[in-house]
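Chain A is fixed; fit chain B onto it per the hints.
The listed protein sequences correspond, in order, to chains A and B. Start counting the first sequence at 0; every next residue gets the next number (numbering that gives the first Met the number 0). Start counting the second sequence at 0; every next residue gets the next number (numbering that gives the first Met the number 0).
Source of the hints: derived by calculation from the structure; they are not laboratory data. Do not take every clue at face value.
[Unchecked claim] Quick look at which bits of chain B chain A covers, simulated, 3 or more residues with Cβ under 8 Å: (1) 51-61; (2) 73-79; (3) 98-106.
We put the CB at the ideal spot given by N, CA and C, even for glycine.
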Amino acid sequence: MVRKPPSLLVQLMDLLLIELTNWRWSWRSLVITGAITPLLSVVALGFFARDSGRDTLAYVLTGSLVMSLMFANMGNVRSHFAYLRFMGALDYFATLPIQRYTLILAVVLSFLLLSLPSLVATALAGALVLGVPIALHPIILAVIPACALPLAGIGALLGLIARTPEEGSSLNLLVTMVLLGLGPVMIPPDHLPGTLVALGRLSPATYAASALRQALIGPVTGQIVVDLAVLAGLTVVIFWLVGRKMDWRQG
Amino acid sequence: MLVYDVQDVVKTYPGQARPANDHVSLQIQEGEIFGLLGDNGAGKTTLVRQMVNLLRSDAGSITLYGRPVAHDPLHVPLLVGYMPQESHALNNLSVGEALFFTAHLRGLSRADARRERDALLELWQIGDLRDKYSSRLSGGQRRLLRLAVATAGSPPVLVLDEPTNDLDPQRRKLVWDVLRHLNGERGTTIIFITHDAIEAEKVIQRVGILRDGRLVAVGRPSDLKQAVDRKLRLELIFPPDSSPDLPPGLVRREVQPGRWVVLLDWSDATTVLGQLNLAHLDDFRLYSATLEDLYLHYATLAEAPRISGSSL
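Just chain B, same shape as in the assembly:
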């Protein structure tokens, strides 16, 4: 069953010359885990805000279970749990209160909302925070609370904007495990934005890559990887405050301060490694292509072709 059908959506913010979303088309099937990747400003949040009906599209259409999202204002809220990137709505509620009220406002009876609160506290491993106020939680604890709030009332669709931001590795693993559990046990359709491409690869079934407002690739990671299959990922770590000393002609990208990634053809690997000045490097690693490389490949292409969004 088709959950979301996004057709030719365009959105330009007032005063901006370039559209934030430029003729984006995308289909998401029931029970999918779909990841949206892209640089900052690529248009990911704009797209999901239109999908949850918080933002009006200038052109195109978005339907949820066959009905236009803006047709009935209650259609999306009844079916979709949305976690925005940032929110301070629940600052003065305790964790338990936030979960109870959200579940109750999603239509559960008081008794069911109380049961849902207890189940979510256990599922997201935040039982010890039940009586703590949201404003006094750490960034990671608040992120888990907001994820639990998005899942309150068991909506059949989840739209999550950067669910693992601010989280330590242990909690990131918890998030991916819970999302996989919700998808496997309840068939929840999950759409999320992430910059954490390497970890997200463990759960993503299909991926869409946005660049400058355009969807430049969509499909299963394994299928899309064929485009970069003949590539190797060379990761180079330079000492702090030193400029990268790289052989000329390499397309490089700084993914973190001092950490650079270069995609190499297999045939060039030996030559490039031979040209590296190891005295100027803290470390280097060579891998086969990952989902992050896929993202880097499509996000950095000079003239990327627009790929149609049909479900594979």
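Excised from the complex, chain A in its bound form:
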């Protein structure tokens, strides 16, 4: 009895389309909620930092973009994996001849696509409100997914390990606050205690903010190679952990 599974590309495309249909009715509210908090943060922090110079405002803008990615990727992916897990939806996928990592990737990509409008809105509004000149570098095409993937992976992990959806939601808020506050994400390093700057080196948000700053405002330096390498490494490790924690087929 010879039956063959579909190719990885077919798996990924079908699963991505299935995941995208999840947003048939809710995409507007998700886009708005993904943009509203970062926009408020741009306005509020921008108001306080308006006399602190262009560098500080650049941190406010890119930190808000990281926040936008966190809400639209980490938070929503966490919520979706909790849904898949607690509503028995993983059983459907686990009994199809597909690889678990294609499902994880499809979920993450669908949220990444969904997060782009709020990211663009935050960037444009931020540049307008803060008066930070945007000098877009083509490397932004690699930077955005590199920033979003580890954050989405953390969200997936939280959705899979929390004992209840409510616990997952609280954990997500805690992790969001810690990642934003740890290291030079929204605030320049010279305004932060040395300990926080040092601890920030362990946080993906620090590298994401740094990469976004270079690709969006410039200049692009050798640091971007370090940022992208760290983000890629974190993505691999976090996705591996997500695969291990996912209630999937045995063996």
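For chain B alone, kept in the frame of chain A given last:
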């Protein structure tokens, strides 16, 4: 050909003292329609989840077509269509999309998956629902969709967890007719869990009865019925909110609110009927033993012997 060989399987959930499956052994042959009966919590869903490799056994082995189910993660998904008791995976897909994607992900080409979708819409009589979203279907329509999804791609084995729940009598008949058709025309091996023992009797070729995690009986209904052949089924229907007024010493069981079933020896029937207070009854019926009685007999035995699971 042996499809499933379940040998001495044990499964205890973390934090539970009693195993959900306690040394269950069972063999299922190609082309069989096998029904699993048992009370809620008897271990039926746990057993089928191990058979479709969604749950790891603590001890014992399960093979599908001679290969351990956990040996190759794609072995079961390529051969088995599984319908869980509940699933919300397809909530935002239309009925047509759900069938197409499932067939395509089971390895069919796009053109074949489209043909399969159309055939399934016709087979399960849900053509009029093709463009409706799953989340907007009624419970019965969703059940039919999930059955159609389980059969998408024509897997040679189907494992169905309560296929007729939520269905009206007409749709229940459709389900049994389609399952019989798939079994007769394609030789599909069908394993299902049901509480609908009377209707399932029309299609079941062999039955397994689980009680407290143990397989207490397995075999053809006709063979197993010999154990309760000398029994009659007395069904008693009491008015709502009234306590059953029954002669003392009867082993009775409430199968629905106000509906009680008693298994009687032939020799006791006249005496018991004479003792019934008809003024307190809405209705009563007396039958020879059915598959449901078989289930009730084995499921309620105080000390049921464990019966070996060899195929009859």
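Right, here's what the structure says about each hint:
1. Only when three residues or more bring their CB closer than 8 Å to a CB of chain A does the claim for the stretch 51-61 of chain B stand; here the count is 5, and the claim holds.
2. For the stretch 73-79 of chain B, the stated coverage by chain A is satisfied: 6 residues place a CB nearer than 8 Å to a CB of that chain, which reaches the threshold of 3.
3. Coverage of the stretch 98-106 of chain B by chain A holds [criterion: at least 3 residues with CB-CB distance below 8 Å; count 6].
Hint check: no violations occur; every hint is consistent with the structure.
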